[in-house]
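2 protein chains.
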Amino acid sequence: MKPTFELLKRDTTSGARLGKLTTPHGTIDTPVFMPVGTQGTVKGLVPERVKELGAKIILGNTYHLYLRPGHELIRDFGGLHRFMNWDGPILTDSGGFQIYSLATLRKLEEEGATFQSHIDGSTHFIGPEKCIEIQEAIGSDIMMCLDECLPYPATRDYAEKSLGMTTRWAKRCKDARKSDNQALFGISQGGMYGELRERGIAELTTIGFDGYALGGLSVGEPKELMWETVGKSAPLLPEEKPRYLMGVGTPEDIVECVYCGIDMFDCVMPTRNARNGMLFTNGRKIAIRNAHYRDDESPLDSECDCYTCKNYSRAYLRHLFIAREILAIVLNTIHNVRHFIRLMEKIREAIKNDDYENFRRDFKSKNSDVDTD
Amino acid sequence: MKPTFELLKRDTTSGARLGKLTTPHGTIDTPVFMPVGTQGTVKGLVPERVKELGAKIILGNTYHLYLRPGHELIRDFGGLHRFMNWDGPILTDSGGFQIYSLATLRKLEEEGATFQSHIDGSTHFIGPEKCIEIQEAIGSDIMMCLDECLPYPATRDYAEKSLGMTTRWAKRCKDARKSDNQALFGISQGGMYGELRERGIAELTTIGFDGYALGGLSVGEPKELMWETVGKSAPLLPEEKPRYLMGVGTPEDIVECVYCGIDMFDCVMPTRNARNGMLFTNGRKIAIRNAHYRDDESPLDSECDCYTCKNYSRAYLRHLFIAREILAIVLNTIHNVRHFIRLMEKIREAIKNDDYENFRRDFKSKNSDVDTD
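Note that the protein sequences, when read in sequence, are chains A and B. Mapping of the first sequence onto the working numbering: position 357 corresponds to residue 357, and the numbering continues sequentially without gaps. Mapping of the second sequence onto the working numbering: position 45 corresponds to residue 45, and the numbering continues sequentially without gaps.
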């Protein structure tokens, strides 16, 4: 079966939407947050735990999996789901962002991207056709088109040229796909230039994809400019297709961009911050290494229902972190991922109750200072 | 309640024994292997997982917990069980071995040991009374006396002097204890000198403890000499009390020393080797990074019933290890700990069936080459 999307509801006072994304590996309520499982694992968690946290779909990284263990190996194992023991939906990115941010000596030409691996410096080429071949070998439920992730700032001239290539690559991706069971999403680029975003989206929708993503955001631009770009671009995307904001973001970003009509998010923030001891609670982030948690018997977040908050004190979490114990990463990751999943549950509930405008206002007033203590 | 030991059975053709150790936090069938939870966690595993693997008792390290997070803090939390969310039995070592092997600038005198922390170089003093105070604050089910862990080789003269002090420290430990709910074990030292072992054990049993340990073994001496020392010392220990061989060992060591009449073992080997990618299977150790596991679809050990072996391929475990994923440590630790626990299950079964002699012969023939591939 080919993944399908059903738009269930539009919020009465904002762009926020409720939807249902059906894939061969399960159904996903949107708006949804996708934990990142870069190298075939959500770092530190067994798949059963990821599921227990309420995650319905995870993201795999094409660039990483192509380099290691290699997409042919994954294909020989019957795909990533089986290889990593995760039977839920998987979305794979196209590798474009990693080629832009991780690989060295990258060279982007009309044919595709030549780059050196960040692991061993070996030289590789990925064009649109190869990008699809890799993602079909991985067997993800949702594939992304290869794109050039535009840096910020970029001149209008460069942004326009880049957009043209991204659009032509998108067309080639669509032509290259063979699988009927995997959705393919197009990616909007164009930097912060509204007119280019508009043109790119028009061209993408003419080609026609199963869903649409906004890419090239959260790459260093001011937060307000990101929100503004999303606010202008999201309404241009086809209403009956899922809308995915790539690599975003903070809880505040998510609340804001759901408001603009985004359905899908992914970000390394909950997992990466967990490893660094930065833990999300309602209204503030906690640096668990801080000395004033030394003898704090209270749970990390008394409102949280996760395994970590139900069973451990801040003092114990601090001890594990200071002692560099692996369990610190495990317990912190459990909490942070659950925090993001719970946020999405609250968001969906608010939209369902025609209350998203209030929810957003309330959230912003409590999270005006999302700073580290 | 004070922990008690019941000797259930002696093997008909060897020194092997079946027993039951009852503590305030649960009952333990012996011979038993205790996974090491140095800093208030079995590295990488949540306590529910440790329990699922069949571990009935874990070991905590007095030296580490005293330095970090500090025993007063643990006492304020109602003890280590509650602090770390493990409701099963805990044995704490005395810190003697860590002072010997980890701390710097240590100075052992009649009064006790002065040493510098391996963490920050701060100076500390632990004598027998302090050692008991710390373990009572931790609230372990079984405490160990402070001892001097004799290096190998040691002169007879030094070994004799050291033994005298270890015995006097043991007496002071017994005098210092206040808790009625915690067992206290004496530790036999004396190096590889049979006569000194004999004298020390006689003195310890005269003082009288709830159990007896053999210490100062597996500190660099040849394996055969260790087995020989255990073989001569174990029968000297009171039959009605549990016998614990500290810090030992390989599966082969365990099989051999159960044969000599040892009831309890602990070792970092399963957990530490897991982190290094050295995995135990029947008859051989596997270095999971080895290239010939790259596309190996088979489980790590087809005879193993652990979560890792039931759900993952060698190829996936190799991928995680090569990619330095945290999940590699988690999955490897699950398997290695389960491997040791299963070994103890088989050992108890063999003793129960009056078949330990055969079991041992069979094990030795299959494990004659416990080398890394």
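Treat the hints as calculated values from the structure; they're not laboratory data. The C-beta atom is built at its ideal place from N, Cα and C for all residues, glycine as well. There's no promise every hint is true.
[To be verified] Think about it this way: if two alpha-carbon atoms lie no more than 16 angstroms apart in a straight line, the pair counts; the simulated EDC-like pairs of lysine to aspartate or glutamate are:
# : chain 1 : residue 1 : chain 2 : residue 2
1 : B       : K171      : B       : D210
2 : B       : K43       : A       : E325
3 : B       : K171      : B       : E110
4 : B       : K310      : A       : E48
5 : A       : K43       : B       : E48
6 : A       : K20       : A       : E325
7 : B       : K130      : B       : E110
8 : A       : K310      : B       : D175
[To be verified] FRET-style restraints, in silico, Cβ to Cβ:
#  : chain 1 : residue 1 : chain 2 : residue 2 : range
9  : B       : G121      : A       : E109      : 28 to 34 angstroms
10 : B       : P151      : A       : P151      : 57 to 63 angstroms
11 : A       : D76       : B       : E349      : 37 to 43 angstroms
12 : A       : S14       : B       : G121      : 55 to 61 angstroms
[What the hints assert, rightly or not] Some chain B residues close to chain A (C-beta under 7 angstroms, calculated; not the full set):
#  : residue
13 : Q39
14 : P69
15 : R75
16 : N85
17 : D175
18 : Y193
19 : L196
20 : V219
21 : D295
22 : N311
23 : H319
24 : A323
25 : I326
Hints, verified against the model:
Note on K171 (chain B) and D210 (chain B): the hinted pairing holds, with a Cα-Cα distance of about 13 angstroms set against a maximum of 16 angstroms. Proposed proximity of K43 (chain B) and E325 (chain A) is supported: the alpha carbons are some 7 angstroms apart, at most 16 angstroms. For the hint pairing K171 (chain B) with E110 (chain B), the CA-to-CA distance comes to about 13 angstroms; that is within 16 angstroms, so the pair holds. Using a Cα cut-off of 16 angstroms, the hinted pair K310 (chain B) and E48 (chain A) holds, with the two alpha carbons roughly 13 angstroms apart.
Simply put, K43 (chain A) and E48 (chain B) have alpha-carbon atoms about 20 angstroms apart, too far for the 16 angstroms limit, and the pair is violated. Between K20 (chain A) and E325 (chain A), the direct Cα distance comes to roughly 39 angstroms. Violation of the 16 angstroms bound is thereby established for this hinted pair. At most 16 angstroms may separate the alpha-carbon atoms for a hinted pair to count; K130 (chain B) and E110 (chain B) meet this at roughly 14 angstroms. In summary, the hint linking K310 (chain A) to D175 (chain B) is not supported, as the alpha carbons are separated by about 40 angstroms, beyond the 16 angstroms threshold.
For G121 (chain B) and E109 (chain A), the hinted distance range of 28 to 34 angstroms is not satisfied, since their beta carbons lie about 57 angstroms from each other. Hint check: P151 (chain B) to P151 (chain A), Cβ distance near 60 angstroms, so the stated range 57 to 63 angstroms holds. Against the hinted window of 37 to 43 angstroms, the Cβ-Cβ separation of D76 (chain A) and E349 (chain B) comes to about 39 angstroms, which satisfies the hint. Look at S14 (chain A) against G121 (chain B): about 58 angstroms separates their beta carbons, and that is inside 55 to 61 angstroms.
For Q39 (chain B), the interface hint holds, since its Cβ comes within 7 angstroms of a Cβ in chain A; the closest pair sits about 5 angstroms apart. A distance limit of 7 angstroms between C-beta atoms decides the matter here; for P69 (chain B) the minimum to chain A is near 4 angstroms, and the interface restraint holds. The restraint placing R75 (chain B) at the interface with chain A is violated, with a minimum CB-CB distance near 11 angstroms, outside the 7 angstroms limit. The restraint placing N85 (chain B) at the interface with chain A holds, with a minimum CB-CB distance near 5 angstroms, inside the 7 angstroms limit.
The criterion of a C-beta within 7 angstroms of any C-beta in chain A is not met by D175 (chain B), whose closest approach is roughly 31 angstroms, and the hint is violated. About 38 angstroms separates the beta-carbon of Y193 (chain B) from the nearest beta-carbon of chain A, more than 7 angstroms, and the hint is not met. Checking L196 (chain B) against chain A: minimum C-beta separation of about 37 angstroms lies over 7 angstroms; hint violated. At its closest, the beta carbon of V219 (chain B) sits 25 angstroms from a beta carbon of chain A; the interface hint therefore is violated under the 7 angstroms criterion.
This hint holds: D295 (chain B) has a C-beta 6 angstroms from the nearest C-beta of chain A, less than the 7 angstroms allowed. Among the interface hints, the one on N311 (chain B) holds; its C-beta lies about 5 angstroms from the nearest C-beta in chain A, closer than the 7 angstroms criterion. With 7 angstroms as the threshold, the beta carbon of H319 (chain B) comes within range of chain A, its nearest partner Cβ sitting at about 4 angstroms, so the hint holds. At about 5 angstroms, the closest approach between the beta carbon of A323 (chain B) and any beta carbon in chain A falls short of 7 angstroms, and the interface hint on this residue holds.
Taking 7 angstroms as the C-beta cut-off, the interface hint given for I326 (chain B) holds, the closest approach to chain A being about 4 angstroms.
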